[in-house]
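Visitor: Take a look at the letters that make up each chain.
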Amino acid sequence: MKPFDIFRTAAGNLKRNRLRTILTVSGVVVGVGAIVFLVSLGFGLQKLALEKIVSLEALKVITVTSGGKSETVLDSKAVEKFKKLDNVTDVSPITRQIAKFSLGEIDSEQVVYSVKPEYLDMENIKISGGRTLSKDSKNEALISKEILTNLGLKQEDVLDKEFIYTLTGSSSPQKDKIKVVGIFEEKGIYVPFETIKNSEGAYASVKVKINDKANVPEAKKAVDSLGFNTSIIKDQSKAINQVFYIINIILGGFGMIAFFVAAIGIFNTMTISLLERTHEIGVMKAIGGNSKDIAMIFITESALIGLLGGIFGLTAGWLFGFILNLLANFMATESGGEAVNLFDIPLIFSILTVFFSFFISSVAGIWPAKRAAKLNPLEALRYE
Amino acid sequence: MAKTPVIKAVNLSKTFKLGKDNEIVALHSVNFEIYSGELICFFGPSGCGKSTLLSMLAGLQPPTSGEVIVRGKNLANYKKKELSAYRREKIGMVFQQFNLILSMTVLENIALPMAFGGMKRKRRMQRALHLLEVVGLGEKKKSVPADLSGGQQQKVAIARSLINNPWIIMADEPTGNLDSKSADDVIKLLISLSRKSKRTVILITHNPDYLQYADRVFRMKDGRIDKIDVNAKTTKVELVDSVSKLDKLKENENSESEEPIFSSEIGKIEDEKKEVLSEGEDESNEIPAEEDKEEENVEPREALSEKEDESKEKEEIKQ
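So the sequences go chain by chain: A and B. When you line the first sequence up against my numbering, it's residues 1 to 384, in that order. When you line the second sequence up against my numbering, it's residues 1001 to 1319, in that order.
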């Protein structure tokens, strides 16, 4: 029998038992839909996490810390060395000190980072209120939302107001006034580099910005060879990917349970179909049908169920995610949040899912097909 | 002409085991030879082993002992696939229950054996349509079996049995489920296949009315062939209309020219009919049996072109 004739016969058989076919396909749709929905949620969250945590700019930055030896102290000499390396576009040191702030009536100890304004771009610091530090900033500070929350202060309590601070970590306590010009999302307090200088002359870390993401590993090696410790954000994205890899497997596993129930449904349908069509198979064999052709008709039927279920399941899973995302975004924007894509279905995953459904369904049809092929034609003819 | 049997049974026996010590002998060492173009009736009461015998001739079950030899080849030596091909191409089965596939149209049913043979859809549908016209149901081509009466269904089944132009037609009680009028039509059709097409027809029946049409009647009793009647002069029957029509068409052709039927005049006949006609070689064959072509001692041979045509078709089937 020609493959197209096998296909036509199989499709005809599925059409004949329309309701049963629809129900069986629906089972596959639920299974595939569940896999697509859950895994695309995993992929969506993964993408979101990578976008939120790891900005593109941040991927170009190497964070350098001291190597621990006297020749690898992070000072202005080290900064000059870094500036001379290939592909380096910017070098921004940062110092870290503890200072006592008198915020309103509250005194609290906070971590103060002295930075250059470029650093804020490198670190992708987002300002949620006020403005950022400029090149000419002096005696200005950015304060994190977290500190305000911890101290029970509101934005307007601190913005554009001056506070007194005392450096506590150094041997010669420095006391001065500082004006809060902006609020940002992360942790700590940022002040311009010139405002608070480290008395020991060493930096906590240095951010080295590279012209292209692709050159980062090479530049990292160069800095490493100078004896400094380096870290790049790419390592973190790898970890994020690893975590989501596991999450996706778990989510996919839940969907898989539904899918295997559907596969059992296909098996059941094909077995019943075999019983119903025993006489017909007998006729086919009596008039010269090959066992192989008859088996292929059965396998094609179950494969078709899988293919249809796969395609409709993919659509259903995507649609369900899409609608849920719309709802979530609607609620998020209503409450002042940001609209995001919670679901993401990579093309290769879609194709694989449909293929997987097709494949497993075909496998589910093998046993009924084999039995159909093995039927004794004479006994099958007598079967009513 | 020295006759070689188309089908030969040698000491054919069949025993069924029902439990440990309970054996039922359905057929006791049966021997016979059937020749090309014969119309044979197997006649006997229910349970005499007729159907068992036929199923072994059709290769649907192996004998317990003995041999079925079809054109010199022992069916026991056929592999499974070859046996399927044998059932598909060398014999045509007609059953009491018609055994049409209910989900397929009449045309698809007729063409099904050719589909199993891998023939292109267009070609097999053409041939199926032609055969449907031959059995007089041309207007029913789009119907499904459920729309047809029993007699019509059986005619469709006969058309199906003819699709691959087989050597032998085997009909197992083909009129058993029909009213007498339909039964008559069906029997006439089968007889005309034998008489006009010189095709071997094996008919199983327990209706004594049909015995007069047979060349030989094998009377069976208790798993044995009890007696073989030879009808010296078989009763002529009026042929089914459609078959007669084709006949007349040919007669006209012949009256105009001395040349064989497949001469240029045949071009007037519509293409698909010509195609079927060309497959046969005997002038009197509307639906000629393939065996006639293969037998070396059959007299008038047709023009080579027809043979080529057929060999092409066979190649296509193989593909």
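Because the hints were derived from the structure by calculation, they are not lab data. Here the structure is a predicted model, which means the values were calculated and not measured. Glycine residues also receive a C-beta, built at the ideal position from the N, C-alpha and C atoms. Check each hint, because a few of them may be wrong.
Calculated cross-link-like contacts (lysine-lysine; reagent style DSS-like; alpha-carbon spacing at most 27 Å) [stated by the list, open to error]:
no. : chain 1 : residue 1 : chain 2 : residue 2
1   : A       : 370       : B       : 1081
2   : A       : 292       : B       : 1003
3   : A       : 374       : B       : 1080
Far from chain B by the CB rule (all over 12 Å, computed), these chain A residues [stated by the list, open to error]:
no. : residue
4   : 79
5   : 159
6   : 250
7   : 260
Visitor: Against the structure shown, which of the earlier numbered hints fail to hold, in ascending order?
Guide: 2
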